[in-house]
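Q: In case you want the letters, here they are:
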Amino acid sequence: MRRLGAVLALMLAACAPDYGGLAIEIEGVALAGDYVESRRINLVLGHVIRVHARPRSLTSQVYEDPGRFELLSASPDVARVYRDPEDWRWVLVGRGGGNTCIEVRIDGKREECLEIRVQAEAG
Amino acid sequence: MNHESRTVPDTYRRMGRKLRSATLWVLLAPLAACDPPDEPPPDPTMGGELMRGEFEYRCAGSNDAFCVDFVAQRFPQRFAVGGNFEVGFNPTVSIVATPGVQSSAPSLLEPTSSGVISGFRFNRPGTAALLAVINDEEMVDYLHVTAERVLSYHFSDEAGAVGVTEIVMQPGESRRVTVEPRGEFGQVLAGTLEYTWSTDEGGIARTASDTQGRTVQIQAVAAGRTRLLVEGGEVTGSVEVIVQLDDPTTTTTTTGSTGDSDSDTDSASTGSDTGTDTDSDGETDTDADTDTDGGTTSTGGGR
Chain A
14 MRRLGAVLAL MLAACAPDYG GLAIEIEGVA LAGDYVESRR INLVLGHVIR VHARPRSLTS
74 QVYEDPGRFE LLSASPDVAR VYRDPEDWRW VLVGRGGGNT CIEVRIDGKR EECLEIRVQA
134 EAG
Chain B
4 MNHESRTVPD TYRRMGRKLR SATLWVLLAP LAACDPPDEP PPDPTMGGEL MRGEFEYRCA
64 GSNDAFCVDF VAQRFPQRFA VGGNFEVGFN PTVSIVATPG VQSSAPSLLE PTSSGVISGF
124 RFNRPGTAAL LAVINDEEMV DYLHVTAERV LSYHFSDEAG AVGVTEIVMQ PGESRRVTVE
184 PRGEFGQVLA GTLEYTWSTD EGGIARTASD TQGRTVQIQA VAAGRTRLLV EGGEVTGSVE
244 VIVQLDDPTT TTTTTGSTGD SDSDTDSAST GSDTGTDTDS DGETDTDADT DTDGGTTSTG
304 GGR
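Heads up: the protein sequence lines correspond to chains A and B, in order. The letter at position 19 of the first sequence is residue 32 when you use our numbering, and the numbering goes up by one with no holes. The letter at position 277 of the second sequence is residue 280 when you use our numbering, and the numbering goes up by one with no holes.
Think of the hints as simulated: they come from the structure by calculation, not from any bench. This one's a predicted model, so the numbers in the text were calculated from it and none came from an experiment. Incorrect hints may have been included.
What follows is a set of in silico ranges between Cβ atoms, one per label pair, in the way DEER data are often shown [as the list claims (entries may be wrong)]:
1) A/Ser88 - B/Arg127: 55 to 61 Å
2) B/Gly50 - A/Glu83: 41 to 47 Å
3) A/Ala29 - B/Ala100: 30 to 36 Å
Now the stretches of chain A that chain B is said to cover, found in silico as 3 or more residues with beta-carbon under 8 Å [unchecked claim]:
4) 47 to 54
5) 59 to 66
6) 102 to 109
All C-beta atoms in this analysis are idealised placements derived from N, C-alpha and C, irrespective of residue type, glycine included.
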């Protein structure tokens, strides 16, 4: 009976997506100094970017429910994250100079934290 | 019989033509009464970058070069550091709640009041964004705006002269002088600034009205030369005031911020008009769209 339960649990796990990183890219035009790399974001103080961000899955199952996915700033005084009305879209705001990270949460569980640097405009 | 049968339809046809013509005139008369508008109505809005609505520029006071009688004329391209302004947001898509307007970076673009219409002031040069946000968590739209320091002033007088650097008056005469703050490329900067007007020598000409506004009334007292000074936005600008007893000609001198000087002499007695234009450096104004004076870019200078 215990073996059967374990097998069922394994089967269920195989049917669910497994977090394998975040696919993130800027949508539209970014101002000079604003860019997104795979695990790092750079913003000029005061600038705003809109990103398309969707978790990758290590299994054949993909993340389909955007409501289960959330981006949260570890320090809203440095960078703020706003939900966009469109699915999988978020707006990042460089609010104050400094470094912080953007938490990737799925079903409330923190999966990783993307580095973000906000720096004052050059010159 | 034949004669009558031809005449009656001819009469009806003529009457019918007259009736159609009269009807046409009645229909066209209201259109003829509508004068074509001289200028397009003010449009102080700018579409957000997510295209979900329009940000609307509003006047925070009377000392804003983009406002006439507290009505914003258009959405500014550039803002003056220290200038106060207000912005509202009008959504063009269906949304659940009215968004408030916030600043992306309060240390740069300081909020002075918040709500559906919010007040702001740039603390230093740079680019920040106006955010239309619902419940502080959902972004409806945003718009980047840029501020510059005021680098020069552009004087104009009530006679319609623009880019005035010299005002010639007779003792007892008074004149209204208005100033526009200008940025690096000569564009007009938006926002309500505080001004302080004065003259070097009150015995020659003095300010004769409220000296906190963008417009001041000066009064010529006695013959001589002095400077009318305006201070605001960390810059002082000046215009030469010449008071002379006998003034057969009225001279207005303008100097462009691009280095162009323009001297016009109008003879009051003969009605003749001579003009000379001198281009000293040929520098180009890169933002003609923001020039409100009809194409003449001039300044009284600043320091």
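Q: Does the Cβ distance between glycine 50 of chain B and glutamate 83 of chain A fall inside 41 to 47 Å?
A: The hinted range 41 to 47 Å is violated for glycine 50 of chain B and glutamate 83 of chain A, with Cβ atoms some 29 Å apart.
Q: Within the assertion that chain B covers the region 59 to 66 of chain A, do at least three residues meet a Cβ-to-Cβ distance smaller than 8 Å?
A: This one holds; 4 residues, not fewer than the three required, reach chain B with a Cβ under 8 Å.
Q: Confirm or reject the claim that serine 88 of chain A and arginine 127 of chain B have a C-beta distance inside 55 to 61 Å.
A: The hinted range 55 to 61 Å is violated for serine 88 of chain A and arginine 127 of chain B, with Cβ atoms some 22 Å apart.
Q: Okay, the region 47 to 54 of chain A and chain B, do three or more residues pass the C-beta test at under 8 Å?
A: With 0 residues in contact (Cβ-Cβ under 8 Å with chain B), the coverage given for the region 47 to 54 of chain A is violated.
Q: Just tell me: holds or violated, for the beta carbon distance of alanine 29 of chain A and alanine 100 of chain B against 30 to 36 Å?
A: holds, 35 Å
Q: Tell me if chain B covers the region 102 to 109 of chain A under the three-residue, 8 Å CB rule, please?
A: It holds: at least three residues are needed, and the region 102 to 109 of chain A offers 5 whose Cβ sits within less than 8 Å of chain B.
The structure fails hints 1, 2 and 4 (numbered hints given earlier, in ascending order).
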